[in-house]
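Trainee: If you want the building blocks of each chain, they are given just below.
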Amino acid sequence: MRVFWAILWKDIRYELRRRELVAVMTVFALLVVVIFAFAIGIRSESPASMAASVLWVATSFAGTLGLNRSLALERDEQCLKALLMSPADRTWVFLAKATGNLVFLLAAQVILTPLVIVLFGVEDTGHWSLLGVTLLLGSAGFVGVGTLFATMATSTRMRDWLLPILLFPVEVPVLIAAVKATAHVFSTAPPGESTIWIAILAAFDLIFVSMSILSFGFVVEE
Amino acid sequence: MTTKTGLSRPQTALTILAAVGFPISLYLIFVVTPLDAELGFTQKIFYFHVPCAWITYLAFFIGSGSGVAYLLRRSRRWDHLAHASIEVGTVFTTLVLVTGPLWARPAWGAYWVWDARLTTTFVLWLIEIAYLLLREFVEEPEKAARFCAVLGLLGALDVPVIHFSVVLWRGLHPEAVVLSQRGFASGLPADFLVALVVSLATFTVLFGVMLSLRYRVLRATEQVDYLRCGAG
Chain W
21 MRVFWAILWK DIRYELRRRE LVAVMTVFAL LVVVIFAFAI GIRSESPASM AASVLWVATS
81 FAGTLGLNRS LALERDEQCL KALLMSPADR TWVFLAKATG NLVFLLAAQV ILTPLVIVLF
141 GVEDTGHWSL LGVTLLLGSA GFVGVGTLFA TMATSTRMRD WLLPILLFPV EVPVLIAAVK
201 ATAHVFSTAP PGESTIWIAI LAAFDLIFVS MSILSFGFVV EE
Chain Y
56 MTTKTGLSRP QTALTILAAV GFPISLYLIF VVTPLDAELG FTQKIFYFHV PCAWITYLAF
116 FIGSGSGVAY LLRRSRRWDH LAHASIEVGT VFTTLVLVTG PLWARPAWGA YWVWDARLTT
176 TFVLWLIEIA YLLLREFVEE PEKAARFCAV LGLLGALDVP VIHFSVVLWR GLHPEAVVLS
236 QRGFASGLPA DFLVALVVSL ATFTVLFGVM LSLRYRVLRA TEQVDYLRCG AG
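Going down the list, the protein sequences come from chains W and Y.
Position one of the first sequence corresponds to residue 21 (the numbering used here), numbered consecutively onward.
Position one of the second sequence corresponds to residue 56 (the numbering used here), numbered consecutively onward.
Partial pick of chain Y residues on the chain W-facing surface, computed with a CB cut under 8 Å: (1) Val178; (2) Leu188; (3) Glu194; (4) Leu223; (5) Trp224.
Label-pair distances were calculated between CB atoms; the ranges are: (6) Y:Cys284 - W:Arg110: 27 to 35 Å; (7) W:Ala209 - Y:Trp163: 25 to 33 Å; (8) W:Thr111 - Y:Arg160: 44 to 52 Å; (9) W:Gly61 - Y:Glu195: 43 to 51 Å; (10) W:Gly212 - Y:Asp280: 58 to 66 Å; (11) W:Val54 - Y:Leu212: 35 to 43 Å; (12) W:Trp148 - Y:Leu127: 44 to 52 Å.
The hints are simulated quantities; they were obtained by calculation from the structure and are not laboratory data.
Beta carbons are placed, not taken as given, at the ideal position from N, Cα and C, and that holds for glycine.
From just these sequences and the hints, can you work out the full model?
Mentor: Written as structure tokens, this is what we have:
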């Protein structure tokens, strides 16, 4: 457990000093939003589902950048190898890296989501706590498998090119549930609709995150 | 560490069986079974489409199962079997994705429908491509084996989840799903069923031949690399 906090705090402190990961992810996500607005036009019949899709497409793309960067940092100076040589429990190493990535992705989303809401004219339905839970669960599902695959991808010849190819097909269920839940939260539908999707999303998270934790040991053994 | 030249006895038997099976299936499909009342000649593609779909899932589960066996046993043989199975399986998945739309266009009026079965197969194909790319880009064979086994395991557990999520995704939409036309096993005339079963068996034998050949090539390649490293 001390390992967990040590690694997490190291990642956060590094980011607070350099301020590059969240900044690049946010700017990139905003560019994706802008491209979407130009490509499909913002006057859609259902702004809620449109805004939800754009939000998660931008999150996925930006998240891939962030995951690659976060694991490349560990790889370049052989930090990951050093971490694994220490007697630290590998589950905590994985959870710390994944939590760090989650914090950065959520930080980007905190800036991104209000802008998407404003730009796509989503009505204020007041379900902001539900939105918060959806963002948290969706991002958790994404970085769970994402951290595992980024660890694999950064040690291949292709480095960071391979991550989206590995990650996106496997993430399909999380993405579907996250988009659906967000669309229901954004729309004027009764909150019951969105809580069903949030529950489904939570179930997918449970499957994916536990699978990633169990597989991490096989990925990093040397 | 040497491999015999030529085919082994079971391989020869399987090859002969496949060679005999294909003319018989073709005869059953094109001569014995009558034309489908509604769909006519286009329905014939199902005798190829359904076996390919079956092989797709069989191959993926053999591949991911062997991957798990590799993680537990660390025998190169399991890794070669996993690799061979996913590789041959990808060929059949591609065939499914090609033959499906060819039939769907006249039957449903669209090449593609985002239905659960189609979407799951498509995503599975993407996972298989990712698997083969991953294998290609990892230099150390042992590491490639571990990484691919992990991806195969996650992929195998993912397939039912993808299917479930797409059902929900489509299910909450009021749009009609055309697939109800596809009641295949129920009320199928005997001729059709015989042709389908023979075709299924033949394709499975063909898969067995391809799998065992690919497995042997992978093993031989590794032995050559090993010898070369030893000599150099």
